[in-house]
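**Student:** So you can see what is in the structure, the chains are spelled out below.
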Amino acid sequence: MQSMNILEVESLSVRFGESSAKAVEEISFGLAKGETLGIAGESGSGKTASILSILGLLQRATVEGSAKFEGQELIGAGNKLLNGIRGKRIGLVLQDPFAALDPVQTVGHQISEGLRASGWSKKRAMQHAVHLLEEVGVPSASERVNAYPHQFSGGMRQRVVIAMALAQDPDILIADEPTTALDVRIQKQVLDLMKQQCENRGMSLVIITHDLSIISHYTDRIIIMYAGKIVEESTRLKLFDRPLHPYTQGLLDCLPQIGNNENEYLKTIRGQPPILGQLPSGCRFHPRCSFAESACMHGPNPPLIPIKWGHSACIQLEKFLRESQ
Amino acid sequence: MMAALVETRGLTKRFSQGFFSSQKTTALDDVSIFIEPGETVGLVGESGSGKSTLALSIARLLHVDSGQIFFDGDEITELTTSKMRPLRKELQFVFQDPYSSLNPRMSVKAIISEGIRLHRGLSNKTEIEDEIANILTTVGLDKDSMRKHPKEFSGGQRQRIAIARALAVEPKFLICDEPVSALDMSIQAQILNLLKTLKKERNISMLFISHDLAVINFLCDRAYIMKSGQIIEQGKVDKIFNSPKERYTQDLLSASLLVNAN
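So the sequences go chain by chain: V and Y. Throughout, our numbering is defined as the position within the first sequence, counted from one, plus 125. Throughout, our numbering is defined as the position within the second sequence, counted from one, plus 264.
Okay, chain Y solo, but in the shape it has when bound (with noise of 0.2 Å):
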């Protein structure tokens, strides 16, 4: 087995139900999972099954009461902030809405230059627009958006800029929580396709997180199934959806309308 690039071993994260309440749910029961280098993994489940919990988690954006995460061949699960600042730029998030994940009150240019400065430490002005106009042709977008701040643009361009945003980093991993899920059908597979090209053209990994079944199947090499915290099927994406082998997985294919007028 090559090198992973992420892994995860017998993480646990247990959340109390309530302020007044000893009861505590179980979000991630030992989960173990890896990403190798190149590789598009998909995370499958119904909402609270804990998917952005693991994904929270390995992006240190939440603190986890057992396990180890690794990244690159490093562990990471319990680096300081400062310490893990550097690795903030090869470790990236897209989330599901972006109506929500972009400061309004940012011009686009604002947006993805935060990163470009802090990260690959350009300062020179036009250099820095050179490479935003760069990264939003990537995406689909035209370089002067970079003058319109994000309520001048739809839901799919949003998903563009923080799509954008993510890669000006020059990420080598790429976290995207149900990026298309909040998405028109026709806008869906504009952003599906970019990240397909993405993923082809700079070779990121990606975790992608998806309760749809059909764009884990069109995007992904692998997949974690989770129910109630814990990983209960993987496997290649063929595999598992030709022949689950869980009881969840082949209820969850099954009850998956696909169109199909017969």
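So here's chain V without its partners, still in its complex pose (with noise of 0.2 Å):
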């Protein structure tokens, strides 16, 4: 199975600066080959961090640890192996479309930008940028490509921010928060947009969010991170039945629902997540779990243990299992 990932990420740490406290803090996981896979968390909590330092794109940031792509390690790596890989072998699809576009050239130019990079003709690499646009469900796409980001509106330039990720046909397609900016309706069209692509192509997609409702309809594995950790590993059948982590339990517990007004009250995590550079002892998120004990608050950072379907970090899981039932 190892083999088989194409991305295979292994004790990941991220420092900032000077500082000792790691964003991230010796994450591992692996992304098959056309899977799926979502990264969940609440701000801070390190699932953007750890995706932009595989991808050498954090400044002033230590980086430690593994991440191999097609077995070749980008920690570490130039940016002239880096450069072939990022954008031409993995795709990324940032937040913000108004901020990833420059607002001074067309869609088309920067579209195709990459593709003139890597040595097509500009008249050849406008033609492609016409067609991923036709791709990406951009009406009237061969004069469209010649607008600019402004005469778009939010969905479309994120359709755009789109095109531009698979204009060199990339194997995985990462996407940052793609659409947390984004009405309701263009959210369901922008993700599935991406999700049909991925199928289509043979695409792994990663998406990152805060979001548990995106990644339970878009992502077959899912990852919850908690302060620099992860703390479940799971399936998204899994996920939503039987979490195995209080942290995860709580989240799921604390979203309203329509449809199911039987409590007054939302249930809630009490506290907060805690600060860079604070963080508690033992397991991170013991003083918020009310399956804490002696163990969690003064033993090592529990690390992240098979189970059946995935992987938890909580040591009480039995206990947890039991009671939570």
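Incorrect hints may appear among the rest.
As the list claims (entries may be wrong) - If you only want the chain V side, here are some residues facing chain Y, beta carbon under 8 Å, derived:
id : residue
1  : 167
2  : 168
3  : 196
4  : 197
5  : 309
6  : 310
7  : 342
8  : 376
9  : 382
10 : 390
11 : 393
12 : 398
13 : 402
14 : 404
Stated by the list, open to error - In silico BS3-like pairs for lysine-lysine, Cα to Cα no more than 27 Å straight-line:
id : chain 1 : residue 1 : chain 2 : residue 2
15 : V       : 392       : Y       : 460
16 : V       : 248       : V       : 363
17 : V       : 313       : Y       : 491
18 : Y       : 503       : V       : 313
19 : Y       : 407       : V       : 392
Simulated from the structure, these hints should not be mistaken for laboratory data. Small disclaimer: the values here were computed from a predicted structure and weren't measured. Yeah, the Cβ is synthetic: ideal placement off N, Cα and C, and Gly gets one too.
Grab the two chains, each in its own frame, and use the hints to assemble them into the complex.
**Tutor:** Have a look at this one:
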């Protein structure tokens, strides 16, 4: 199984600046070809930092550990190697389609930029840009290719960004909060489009989000992060029925639902996420956890332990599973 | 029907699209809504549908082109700033972004006491401090927080401060414009519960703006659905969400991804 993974991340840690606190600490996961993976967590949980560090896109950060793309080490690799992978083999879609596009270049110019850099002729690259715009559902693509970003709506801009990411037919598409800036109806269209494109191209998809409902619809495997650590890894079908960590359970409980108004109040997770640099000892979730015992507070930071269908970092897992049933 | 606390009749507001453009966008198109005392009313719509324009117009922070606004039985559409001032006590606002809505140079005490002094006439120092401590406890913050500045708080805590500031003047009516959409999931639930408690214990009327239908469903009694500056559907929350009449509402509901693995 291991060798089939197109991306293999091992003991990845990220520190910013001179600080000794780790924004991401020793996380490991794999991504198989064609797989859809969701990484969910609250702000500051390290979900974006972990992905950007793999692509060498974090400035003033110390990255340790290993991330191998098709066996090639990316951590510490030079720009020459990374430039051959960024955009070409791994495409990236970021949250804000307003910031991701250059306002003074036509969208066609921006979509075809990577292709031209790889030696395509201007004409052929532009033709391909039109084709890509058609694929991502931009109407009258042959005219719109010459339009500027401000002439597009938010949803259409995100389609343009997706077209850019798809331009060089990457093996992995990473989308970091791709629809947070968009309205719900547009959100669904954009997510459907990404999923469809990944299926058509046999591409792997990684969606980073704070929104559990997105991963519950669009990704098969799910990683939940808290304070720089992976606390649970599970499957889409299992995570929502049988969470393997009290934090995941807490997140699911605190979501308001339509058609379920039995409880007058929402269950909440007490307190708030820790601040980097003031991380609690032991399990980082213990100050907010109702299952915590002294081992959780004083022991070492618990590692991920394999369970039948996933992994959990909860050392009280048996107690948790028994009592939360 | 009970006398409404807040009512709008045929509000219309158009914005010009740019300095040199003669084209105008209609942000509000003949909008009539009402909010009864003690009622929490949701306002749902996509960006650009006119939700915030409506809220700002009701609070008289924006001038409408035509139509009427009533508060507590009186028309307030054309009230001057000074005539409006006593009403500011009754009508408070909680904004989306708790980072930009609090003055970074004021202590929490100063932020909250401003309204107390202006609108409730309290001037005794200890009285004011006791009152601030009370309010901070109500919104779930430690009373010592009053000596700190906004930068020392997280997003959720800042939103609690913003709510405390609004409550400090004992308003009858609270407008919340996307108050939880900038917050993390676990914090969002805390703030929603807080608003629900306030609604029950203080009998405050609320206009609650959100794009998140599940949040509206949790908190509101009734809701208006807005599209392109018009109210296209309204009714009790369970009714709208269980049997939406308009195609647009149905679309919104089916596009709202709910946690569902199957």
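**Student:** All hints are to be evaluated individually against the structure, with a verdict given for each.
**Tutor:** For each hint, the structure was consulted:
For the restraint placing residue 167 of chain V at the interface with chain Y, the shortest Cβ-Cβ distance is roughly 4 Å, inside the 8 Å limit, so the hint holds. Of the supplied interface hints, the one on residue 168 of chain V holds, with its beta-carbon coming within about 6 Å of a beta-carbon of chain Y, less than 8 Å. Hint status for residue 196 of chain V relative to chain Y: violated, with the closest Cβ pair at about 33 Å, above 8 Å. Restraint check, residue 197 of chain V versus chain Y: the minimum CB separation of about 34 Å is more than 8 Å; hint violated.
At about 5 Å, the closest approach between the beta carbon of residue 309 of chain V and any beta carbon in chain Y falls short of 8 Å, and the interface hint on this residue holds. For residue 310 of chain V, the interface hint holds, the least distance from its beta-carbon to any beta-carbon of chain Y being 4 Å, beneath 8 Å. Look at residue 342 of chain V: its Cβ gets to within about 5 Å of chain Y, closer than 8 Å, so that hint holds up. Annotation: interface hint on residue 376 of chain V holds; nearest CB of chain Y at approximately 6 Å, less than 8 Å.
For residue 382 of chain V, the interface hint holds, since its Cβ comes within 8 Å of a Cβ in chain Y; the closest pair sits about 6 Å apart. For residue 390 of chain V, the shortest C-beta to C-beta distance to chain Y is roughly 5 Å, which falls under 8 Å, so the interface hint holds. Interface restraint check: residue 393 of chain V against chain Y, minimum CB-CB distance 5 Å, threshold 8 Å, status holds. With a cut of 8 Å, the hint placing residue 398 of chain V at the interface with chain Y holds, because the nearest CB-to-CB distance is about 7 Å.
Here the hint on residue 402 of chain V is broken, as its CB sits about 14 Å from the closest CB of chain Y, past 8 Å. A least Cβ separation of about 15 Å between residue 404 of chain V and chain Y goes past the 8 Å threshold, and the interface hint is therefore violated. Our distance criterion of 27 Å between C-alpha atoms is met by residue 392 of chain V and residue 460 of chain Y, whose separation comes to about 13 Å. For a cut-off of 27 Å, the pair hint linking residue 248 of chain V to residue 363 of chain V is broken: about 49 Å separates their Cα positions.
Of the supplied pair hints, the one linking residue 313 of chain V and residue 491 of chain Y holds, its CA atoms being roughly 18 Å apart against a limit of 27 Å. A distance of roughly 24 Å separates the Cα atoms of residue 503 of chain Y and residue 313 of chain V; the hinted pair therefore holds under the 27 Å criterion. A hinted pair counts as satisfied when its Cα atoms are at most 27 Å apart, and residue 407 of chain Y with residue 392 of chain V qualifies at roughly 24 Å.
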